[in-house]
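Given the structure of chain A, go ahead and fit chains B, C and D with the ligands onto it with the hints provided.
Residue numbers (this note's numbering), protein chains in the order written: chain A, 1 to 334; chain B, 1001 to 1334; chain C, 2001 to 2325; chain D, 3001 to 3325.
Be aware that one or more of the hints could be misleading.
Unchecked claim - Below 25 Å or equal to it, Euclidean Cα-Cα: the simulated BS3-like pairs (lysine-lysine) are:
hint, chain 1, residue 1, chain 2, residue 2
1, D, 3178, D, 3252
2, B, 1020, A, 186
3, B, 1020, C, 2193
4, C, 2193, C, 2252
5, C, 2038, C, 2193
6, A, 20, D, 3038
7, C, 2178, C, 2193
8, D, 3193, D, 3178
9, D, 3038, D, 3178
I should point out that these hints are in silico values taken from the structure, not numbers from a laboratory.
The chain contents come next:
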Amino acid sequence: MFRDLVRTRALEERLENLLKQGHVVGGLYRSLGQEATAVGTAMALDDGDWLAPSIRDLGAVLVRGLPPVDVVLQYTARAAGPCSGKDNTNHYTVVDLGILGPVSPLGTQLCVLNGVALTFRNRGSDRVCMTYQGEGATRTGASHEGLAFASALRLPIVVVIEHNRWAFSTRSEQLAAVRDWADVPKAYGVPTISVDGNDVLACREAGVEAVSRARRGDGPTVIVAETYRMVGHAQHDPQSYMPAEELEEWRGRDPIARYERYLLEQGLITSDELLSIRHEVDAELDAAVDQALAAAMPQPLEARTRVYDAPEPDVTPWTRGPGVAGPGAALVRT
Amino acid sequence: MFRDLVRTRALEERLENLLKQGHVVGGLYRSLGQEATAVGTAMALDDGDWLAPSIRDLGAVLVRGLPPVDVVLQYTARAAGPCSGKDNTNHYTVVDLGILGPVSPLGTQLCVLNGVALTFRNRGSDRVCMTYQGEGATRTGASHEGLAFASALRLPIVVVIEHNRWAFSTRSEQLAAVRDWADVPKAYGVPTISVDGNDVLACREAGVEAVSRARRGDGPTVIVAETYRMVGHAQHDPQSYMPAEELEEWRGRDPIARYERYLLEQGLITSDELLSIRHEVDAELDAAVDQALAAAMPQPLEARTRVYDAPEPDVTPWTRGPGVAGPGAALVRT
Amino acid sequence: MTTTYLEAIRRAMLTEMRADPSVFIMGEDIANYGGAFKITEGFLEEFGPERVVDTPISEAAIVGAAIGAAHMGLKPICEMQFIDFIAPAFDMIVNFAAKVRYRTGVGAGLVIRGPCGGGARAGPFHSQNVESYFANVPGLKMVAPATAHDAMGLLRSSIRDPDPVLYFEHKFLYRRVKEDLPENEDVLIPLGKARTHREGDALTLVTYGAMVYKAEEAADRVANQDGVEIEVLDLRTLRPLDTDAIVASVMKTGRLLIVHEAPRFGGFAGEITAQVCEEAFEWLDAPIRRVTAIDTPVPYSPPLEDYFLPQTEDIVTAARWLLAY
Amino acid sequence: MTTTYLEAIRRAMLTEMRADPSVFIMGEDIANYGGAFKITEGFLEEFGPERVVDTPISEAAIVGAAIGAAHMGLKPICEMQFIDFIAPAFDMIVNFAAKVRYRTGVGAGLVIRGPCGGGARAGPFHSQNVESYFANVPGLKMVAPATAHDAMGLLRSSIRDPDPVLYFEHKFLYRRVKEDLPENEDVLIPLGKARTHREGDALTLVTYGAMVYKAEEAADRVANQDGVEIEVLDLRTLRPLDTDAIVASVMKTGRLLIVHEAPRFGGFAGEITAQVCEEAFEWLDAPIRRVTAIDTPVPYSPPLEDYFLPQTEDIVTAARWLLAY
Ligand SMILES: Cc1ncc(C[n+]2csc(CCOP(=O)(O)OP(=O)(O)O)c2C)c(N)n1
Ligand SMILES: Cc1ncc(C[n+]2csc(CCOP(=O)(O)OP(=O)(O)O)c2C)c(N)n1
Ligand SMILES: [Mg+2]
Ligand SMILES: [Mg+2]
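Only chain A is shown next, with the shape it has when bound in the complex:
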């Protein structure tokens, strides 16, 4: 688990560098300071379970086994990435690993994950699904319909609300009259577990409890993880609106330093072992970055493939350069 926390942060740092160097061309949304929520809860899943990460859940995806090189290939828009360069950030769906990617419009992913859970239920499988939402995303209509639907159909699903205090620039207190986010699931008759989102062990425990409920067939659970977004919304956000004292306060609760302290205090690991984990991670990620940067960009014509499940892409004459003549070129009446 320590390794996954470190991998998450270190991989995001590398992505940030790649962004500065122009290799990552879209946006980058970090999970700095809240890595424990995703890593801890995702640890509760087993083989065959599905996970639907939100934008700040790189940690959960790594726990589920996505190789870091795939992440870098994706962010650098390479042909070999999990989206073949067609979509960005963490928008990949990887069936073999049970990862269901989001789309940008917030809230809809939960509705789609319901369909996976419904399939499990209908097939008599005891597999379960887990997904994540920022507190901001819970305000969308899709999020509501999704949770109500899961509750009505008692689907095996765990929703983790990542209450990180901000939705972009907007404080959660400012834009919802809810005082305790653990009240939200009450509207759906769904039980809630509140948890310190910066305590990776507590997050894992909450995950295990919620996942067991779902596996037993007792329907959905919401986990409300209290955490804090330690950076701006995205890399282009100067984050000037974030109070310095608050940041300082939360810096003291850094989930990685905290877990590291715990491991050392409990004698579960030595400093040397921690250091060598960090070195191994560095080596793994450096290799991933090198490999990704050496990989090819997609061929332009690939833009046309895979819209439908069809062997041949549609020909779209008159949109492309000199090589392609419209069929009309031949259609002069003789």
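Relative to chain A, chains B, C and D with the ligands alone:
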């Protein structure tokens, strides 16, 4: 109040007859058995307040002063109706009376009413808004966004959830894991008042309390009214799915009979007075029906007007009969 | 066996659900009640609550669940109580269902079906034709059958299709269209193929849905009164569009009239016109014309709705104008 | 004063909000933060939280509140953080805002604006052009400015308009387009009027938004290399469409090329083609052609997005084909 209860039921009975006779050509959705909810709560409003009725809130609209003849004109698709024949059922918006009509897609009306409430707030007015939703409608994304928005902005708005046990053919227990509908508003940090929706006095009291909160600037309140739909969803619904015993049980709680008993027992009114109210209502409604049936249907060409705020409707050549030639007719190169 | 358009839709689903356990249906009031139009009556009894799923009133959640189930290999059918209520699911359809294969390589074979169209005095929210809202969205297919035979064969193909299909059934035809469909006939019609509803050589009339019948009526009238044969092409599938069939007919007749029930501006006729201009311009002996509803919402009152909807008389007028050109 | 396209949008709102206290703006992160693109920076300080309203992430609620406020006489502007997020508000726009005047006689004068368009490597959900989703919806107006001057003048008119206006600002132009706009000039451009961006007599090129610049580039190249002048018409307003201007130009040149950034099938070019066929068919000396994006979602990777988007070279090729016809 007794008069409005009687007017509501009697007017709906007339509309039902008009439907059978083919004068009402669209659908008809009755509020039989739940008239007290709309009538009672709407009594709490004052001049200048706005009300947004749902499909089963004819009573509220009559309380707000819409003349019954307008209702009949509307349902019989007459030119002089509040929608000029362009829309059906209770889809009328009447600015002078502060009535905001619904559209068919459920949930959106609340979002629109928020804008009225926002205007009051911004203008420093203490006017308030009230609206109604079936428990089924609360499952829509729009309903959620609307309530969350009202709560976040502390708008002066009262939402009455009419828990009448059915959403079309679907039992509320069957399709929501919520046990107590009074839990729903907790997700929004909004206070709830639970009320016996068949007790018109209790409904009025709940309305007064909620309206006062809103008028004081303390934001939205949800009233959950427990009631029962005593007929099928619409006139075309054979309602075979409704358990006879349950109907029987609720028949015993009929809100009109109940209020009538109360008035008599308390000596607030005599049987003679009650009877003469009924006669007056009959006379009023018979006249309304006669007047409406004598009114003209819209002229076909009126179909083209009022899409935009424009003096002249767009000309739409080539869609209409022999009289109208397309402009192309003249456009042969000379 | 005499089969209505509605019954054909019902039988298509029954056939597919019996043959393939991965087919299932979700919607509002479809299980206990059998659907607002009773199309799924008895399905719950036959297939059980796992495959006939009553849902809360939440169209986005319904379509969303269908996408997820499709990812897992199921074949979901989503019923919209009226097709107008597809609007709250617009984001889910356009941004999730339509794009997911392209983005991720994982497809979403699902069907969204529901009653469309006017003529039932049902007002602005129970009468719309929504095809143009989705016309510019790559990744979707769209089907709009006019006959019971096509309704059955196209729905079966839609259910089997690996991509998201919007299936528009015209409520005006539900019980008015009756055809003899053999009980055991294996009707399976490929998507993307138009059908010549009526042969002719003087003018090509392209249409779909309920307008096929008004087009036919107009063509018959012109044939009887003017002695000229109009070819009526029923598109059946709007996307993929059978451009070849349209172009072939236009090359034969030299004249094109497009008729649809949706409003004119931004309606589906535009795409057809553009394609014919690109591929058969030289064969056109007259301007391409369209007869459509007027550019307003669907009004409720009968005289208004009758004026709103394209009528046989309008089609006759337009056809004669073209024939005389 | 040198003014960017973005600054022009900002100034239009400032001018209207200063002149008319009933104008206000709602959106996500627009008040405290000043908007994702900083268009409303400083608005909160100047106009206060009543007129610059940060909302929850709920586009349907935002547009809904705008409708209600418009009923009461206010003039709301709704900012979509990206125009792609208009999709969750689709039902609210199409079924409530667009139809409410027709149905009830009470209008909803409001503006929904947001950044559209590709070229920013922003992937399938931050790059769309959504005009065709709304093209078949009577009751809406649609604006898509290409210049700073037009962005300002059309936004001011949109805010004053008594009907719902969708205002599409192209994010690629935000900081790339710079013009000299007099500080106090009263720029107010009526909706529904196209603008001749470049005069010519050999071919009419109809376009809008960011494609105006690629069209211009293509026209310049053809002029330099082939000595032939292409007329570039910038529609500016998509609905109401300035059919008169298009038809007049086509009657002059006899050739029409339509260019838009959205995908081809079901795109806005269809409506333009249909109208020109109806009104100027006899003047056409060649087929009407369109250059558009290909029929896919907007891909993320630069080589893919470049292939997806119409390029100057494509326009030149199509123009030459038409000129040689
Ligand atoms: C429907 C929709 N509207 C707007 C946006 C733009 N947007 C992207 S992230 C974001 C804030 C999300 O806040 P939250 O859900 O709390 O997640 P966090 O970023 O805090 O993890 C917004 C407004 C969007 N993605 N989808
Ligand atoms: C978005 C949407 N989906 C479906 C419908 C069809 N519909 C109309 S009324 C109704 C049931 C409403 O139930 P409820 O909200 O409880 O109100 P009630 O009829 O009980 O008063 C349904 C499903 C609709 N109007 N809007
Ligand atoms: Mg957050
Ligand atoms: Mg109900």
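Outcome of the hint check:
1. D:3178 / D:3252: violated (31 Å)
2. B:1020 / A:186: violated (44 Å)
3. B:1020 / C:2193: violated (44 Å)
4. C:2193 / C:2252: holds (18 Å)
5. C:2038 / C:2193: violated (29 Å)
6. A:20 / D:3038: This hinted pair holds, its Cα atoms lying about 21 Å apart.
7. C:2178 / C:2193: holds (22 Å)
8. D:3193 / D:3178: holds (22 Å)
9. D:3038 / D:3178: holds (17 Å)
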